[in-house]
Amino acid sequence: MMLTRMPVKPRSRTRFGRGGFIYCLLSALILIVGVHMQANLLFWTFGLMVGSMVVSLLLPLMMLHGISVRRIVPEHGIAGQMMPIRYELVNYRSWFASFGLVISEGWGRGAEGWRHSGPVAEYPPRLPTVPQTWVMHLGAGQTVEATAPCWPGRRGMLRFEKVVLSTSFPFGIFQRVLEFDQTDEVLIYPRLYRVRRTLLSQVRDPDLRGRQQMNQAGGHEEFYGLREYRPQDSIKVIDWRRSARTGKFVSKEMTRPRPPKIMLALDLSDRYDQTIALAILPRAGATGSALPENPPTAETFRNNGNGHRPNYTERAISLAASLVCEAHHHGFQIGLAVQGAPCTPFPMRYGLSHRTKILEALARLDVSNQITDATPLPAAPSVVVRTGRGDGSRNGAGIAVLGAAQMAQYVSDFNEDAGASATAPSKSADGGAAP
Amino acid sequence: MNLQHSFRRLMYVQVLLAVVAFALAVKAPGLLLVAGGLCALAWYIVETPKGRPLPQLIIVPGAMGSFLWLMFELFYLRNSDVILAMGRFTIWLQLVMLFGHKRVREYSLILVLSLMLMIAASVQSNSMVFGTLLVIYCLLGMVTILMFHLKVVDDQMGAAWEAAAPSGTPPATVKVITGPGYRWQFRGTATLVGIVCAMVAAVVFVVLPRAAENSRQDFAGLRFNKSVGFSTTIRLTGAPLAGGSSEPVLHVTIRENGVPIRGEGRSWLLRGAALNSYDRRNQTWRRDDQMLINADAVSTLRDGAPWRLVDVSYDVPVWEVTITQRLAGVNTLFTIHPVSQIASNNISAPITFNTVDQQLTAQVLPKNMVTYTMVSPQSPPEGFFSQYMKIPQIASYGPQGPVGYTPRPPDTGGRLRGLVRAALVEAKIPLQASAEDRGSQRDLRVAAALCEYLIHHYRYELTNDNFGFLNDPLETFLFETKRGHCELFATALVQLARTHGLPARVITGFRASEFNRLGGHYTVRQSDAHAWAEIYCDDAGWVTFDPTPPAVIAAATTPVRTWYTPAMEIYEYLELAWSSFVVGFDAEKRAQIIAGIQHVIHLMLNDQTTWMGRTFTWIREFRVAMDIGWGTYSMIAVAGVCVVIVLVQVGRRLCARWGLWDRLAARFHAIRMQRQSGAVRFHNAMIELLRREGRVRPPGQSPLRFAVKLVQSDPMRFGPVVPLTELYYEVRYGERPLDESRQSRADHLLTQLEQRLTRRE
Chain D
230 MMLTRMPVKP
240 RSRTRFGRGG
250 FIYCLLSALI
260 LIVGVHMQAN
270 LLFWTFGLMV
280 GSMVVSLLLP
290 LMMLHGISVR
300 RIVPEHGIAG
310 QMMPIRYELV
320 NYRSWFASFG
330 LVISEGWGRG
340 AEGWRHSGPV
350 AEYPPRLPTV
360 PQTWVMHLGA
370 GQTVEATAPC
380 WPGRRGMLRF
390 EKVVLSTSFP
400 FGIFQRVLEF
410 DQTDEVLIYP
420 RLYRVRRTLL
430 SQVRDPDLRG
440 RQQMNQAGGH
450 EEFYGLREYR
460 PQDSIKVIDW
470 RRSARTGKFV
480 SKEMTRPRPP
490 KIMLALDLSD
500 RYDQTIALAI
510 LPRAGATGSA
520 LPENPPTAET
530 FRNNGNGHRP
540 NYTERAISLA
550 ASLVCEAHHH
560 GFQIGLAVQG
570 APCTPFPMRY
580 GLSHRTKILE
590 ALARLDVSNQ
600 ITDATPLPAA
610 PSVVVRTGRG
620 DGSRNGAGIA
630 VLGAAQMAQY
640 VSDFNEDAGA
650 SATAPSKSAD
660 GGAAP
Chain L
898 MNLQHSFRRL
908 MYVQVLLAVV
918 AFALAVKAPG
928 LLLVAGGLCA
938 LAWYIVETPK
948 GRPLPQLIIV
958 PGAMGSFLWL
968 MFELFYLRNS
978 DVILAMGRFT
988 IWLQLVMLFG
998 HKRVREYSLI
1008 LVLSLMLMIA
1018 ASVQSNSMVF
1028 GTLLVIYCLL
1038 GMVTILMFHL
1048 KVVDDQMGAA
1058 WEAAAPSGTP
1068 PATVKVITGP
1078 GYRWQFRGTA
1088 TLVGIVCAMV
1098 AAVVFVVLPR
1108 AAENSRQDFA
1118 GLRFNKSVGF
1128 STTIRLTGAP
1138 LAGGSSEPVL
1148 HVTIRENGVP
1158 IRGEGRSWLL
1168 RGAALNSYDR
1178 RNQTWRRDDQ
1188 MLINADAVST
1198 LRDGAPWRLV
1208 DVSYDVPVWE
1218 VTITQRLAGV
1228 NTLFTIHPVS
1238 QIASNNISAP
1248 ITFNTVDQQL
1258 TAQVLPKNMV
1268 TYTMVSPQSP
1278 PEGFFSQYMK
1288 IPQIASYGPQ
1298 GPVGYTPRPP
1308 DTGGRLRGLV
1318 RAALVEAKIP
1328 LQASAEDRGS
1338 QRDLRVAAAL
1348 CEYLIHHYRY
1358 ELTNDNFGFL
1368 NDPLETFLFE
1378 TKRGHCELFA
1388 TALVQLARTH
1398 GLPARVITGF
1408 RASEFNRLGG
1418 HYTVRQSDAH
1428 AWAEIYCDDA
1438 GWVTFDPTPP
1448 AVIAAATTPV
1458 RTWYTPAMEI
1468 YEYLELAWSS
1478 FVVGFDAEKR
1488 AQIIAGIQHV
1498 IHLMLNDQTT
1508 WMGRTFTWIR
1518 EFRVAMDIGW
1528 GTYSMIAVAG
1538 VCVVIVLVQV
1548 GRRLCARWGL
1558 WDRLAARFHA
1568 IRMQRQSGAV
1578 RFHNAMIELL
1588 RREGRVRPPG
1598 QSPLRFAVKL
1608 VQSDPMRFGP
1618 VVPLTELYYE
1628 VRYGERPLDE
1638 SRQSRADHLL
1648 TQLEQRLTRR
1658 E
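Heads up: the sequence lines are chains D and L, in that order.
So the number in my numbering is just where the residue sits in the first sequence, counting from 1, plus 229.
So the number in my numbering is just where the residue sits in the second sequence, counting from 1, plus 897.
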């Protein structure tokens, strides 16, 4: 491919690099000593340091001239799992290589964003740190690809605004920075856990009528009907007696087995009450639904235990997403209904696209608004995942109730800190203003 | 590229280089041995595959110990130079840190300490060997810093990735991403950086102002303070002058009537100080000012204009002597006797010429290297010396005779007179002067006879005998040992001449005999210090006599040419250039360079044969024609430049909007491709021939594969296709030139192919 011109002109600036100020002070010191002693070798040394400054100012200008960066993001990410962001760097120059190129992400500074009309920065950031990577060498006319790993902390839509390309090669005295406007969005699925093996069998939809086969042909279970022989049919399915009678080959059709089903109900309607209650119940020694005499305040809610707020709503969503993935993996038909948050219900189906749609719905679930009861739970769900406590066994209606407060009972890789850190405000490398 | 390992290697080499340079600068081989050994040990202990850094429990006390030793050295011992003590402290601190665990901060600190060590060494030494080490250090340091920069980015990236990974998750490994050809491109970039740095450094070095008086060059004194053999006093019982080291102190270029003398095997006496008084108690020769009439003429040499001591016109052959003097602490200017004029452009202080001593001295001690040129007649014409008296400043004193040069030495038992008598008898000179054998001619013959007597009856040795407390060294030399060094020979001749009644004096200076063929100059070392005598004759003035046996001293001072002599000559030539243009760069040289650049620019701007000169002339004439002032003219010029810039920017944007650049690029690309196809025109001709045969290469087939298939189908007809295709590959992809041989081969193959295809038809 012939590289001709850069597609977009980026915004650029030059600033002092790390140690640039100290370097200037050291140069001034050498100059003072040289002038005081009239030592020519010190004048030479000072000249070399000035030369280094000049080179450090000019070389990054040349090295970042004619370089373009394009961000390539994946279709989705999973909270708590590594998500690679790829950057394609193109050097459009016909000569002169670039060295020490650092690529990072940039967002707004402050609530107004880096542009006056830009999006409002979100807090806490969805990414704990700024994704960054580096390319040591990019030759003239070359294209390289670098990958920056990042670990999204929360589900939802992760927005990228601009790619920041910088270099302070060769001496680090000055740093040249280019900012490329490129907006991308990546949907982050809820945190996925490894569901315990026995849980699926416990929560699957029990067919109370005892039917295990579908009333459809195409399987190997029981006799369904007859049809004409087709060239691809196995000789095992030929009904020889009927064929001899009719003089034509006739094949038997067998029924298909009925796949297991899970109708998942995610109940977020009591997310505030349950979260508060569960946060203080262990300390109060209470059990069941009894609330303590002194209701907790918002302050006690934030500072219980280890200082982090266990977000049972997010845990419940993660548990639901984990169940969906595990059920899909084992061939279950899955359906989803959400109560307490706006979400379109999904009927029970099997398929990768269906699973993806459910995960996307769970990822986009907005739990920041008021509780809505517009969507009632289905009449007969297989399992209800709620923000409070559950018993894990079926109740009288044959519905399993799973509680987000007992995640460790349902998943094998649950980490209390990981769930907490997903919502805890942590340091963001660019001023904590990641969307 | 293994960044970490490459950087560590470079850093160790840099630290070691700084230690070597510092040890060389302060002349401390023990320090070099110990520090170098510890550096190697640190590499073995820490950096080898099985190596591990020492714990902080050892490193921290080590660093504290270095600091305490520095305090002890500075405030308790008080016998050490601050810079030396700081340099040693820097070395120990670096070595201690080399043994410990190093992160980016420690590496930075080690590099900064190494740089500071080199700065301290730069203050201590200006020798060319150190300068060479400094240059190597700068080059190595540049590469090290470049590597260090990349390593720091790599480390920071690893730390950022590690911090970003959730707890319990293994962080991703940072991969160093490089494109093809990064090694040579890195070297090229480093070379470019080095060249630009050196150019900027040269400009800064020249532009930075220098002190006019060099009053703060005390450290230059430390650098140039070589223990020279030359002295303005001679102590006969002391070490001989010629026993000094071999450090060059003078570089003498001699021209004979404008033609440089490149002769070897010749020697020249460079006259320094004239000593008239001998103190028997101290056995010391010195210049006794009380015995001399004030006969000093003072002048300041400016801008190379000569100071004519003898303003006479004569048509005698002359020596033009240029001397570069590197003797700090000595204000004597060396001459070839007798001197008629002197010029210099880097002696700022006034200089004095004593008409009696015929000696030049600078009134202020030169702190730096000085260069001066003098003219001396090969044989002084008659009345030459009397012209000295016509110098306006001392004309009022009247003619100066050899006052103070005639005291007869004490002659116990008349032994000196006996020696004079023996010398005259041996030279067959009558003891009593006859009526017709009086005057300067007889004096000259007597002086020569005395000189010859010493030459033939005494032996030259540099070893100084133990003369004893009460013994006079001269008497011991003349009557007992009959061997000695040049000071004893000169003293003996002077005392013998004075015994005979001739005014005489001892001269100290140098004997130049070592010729550097590369530089075209004589190199004078401190071991070339010499002493001889001058005897006054009425008509001839002061005549030089060297009583030291010439063959022996020539053998002792003239170096034997060996296989490494050219290398030594090159080294000393470079060392002189280093001292002249780097170390000895001063305000005068700076002014000269700037004036030279201004002159070149002036020439360029006024040269009507170049476009630049014509343009500037037009600009000047335009202003005159428009009859406007410089202020208005400048404003118009600035406005014009702004308009041009705006027009260019607008034009650029319009071209970009209309896609003109893209079209131009495409056009150039097409032209290039066309030229390329012209280079492989024979291949196109072959394709055309095959096309006529109905053979067209399918789209997915390479040309060579297509050719092979053709030959397999019909070898007799398509035989030349394969070699033609291979030739095409060579030219098109192998970047081989389509030279004459390849072109003729292609033509031959094409003709063959055409004939075979035609024959079939």
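Calculated from the structure, these hints are not laboratory results.
Just so you know, even glycine gets a beta-carbon here, dropped at the ideal spot from N, CA and C.
Do not take every clue at face value.
For each label pair, taking beta carbons as the anchor points, the in silico distance ranges come out as [said to hold, decoys possible]:
(1) L:Arg1084 with D:Ser323: 30 to 36 Å
(2) D:Lys586 with L:Tyr1626: 52 to 58 Å
(3) D:Leu287 with L:Gln1489: 44 to 50 Å
These stretches of chain L come out as covered by chain D in the derived footprint (C-beta under 8 Å, 3 or more residues) [claimed, not checked]:
(4) 1040-1054
(5) 1058-1069
Verification of the hints:
1. L:Arg1084 with D:Ser323: 30 to 36 Å: Cβ of arginine 1084 of chain L to Cβ of serine 323 of chain D: about 20 Å, so the range 30 to 36 Å is violated.
2. D:Lys586 with L:Tyr1626: 52 to 58 Å: 55 Å Cβ-Cβ, so the 52 to 58 Å window holds.
3. D:Leu287 with L:Gln1489: 44 to 50 Å: 30 Å Cβ-Cβ, so the 44 to 50 Å window is violated.
4. 1040-1054: holds (count 8)
5. 1058-1069: As far as the region 1058-1069 of chain L goes, the hint holds, because 9 residues have Cβ atoms under 8 Å from chain D.
Checked against the numbered hints given earlier, this structure breaks hints 1, 3; the rest are met.
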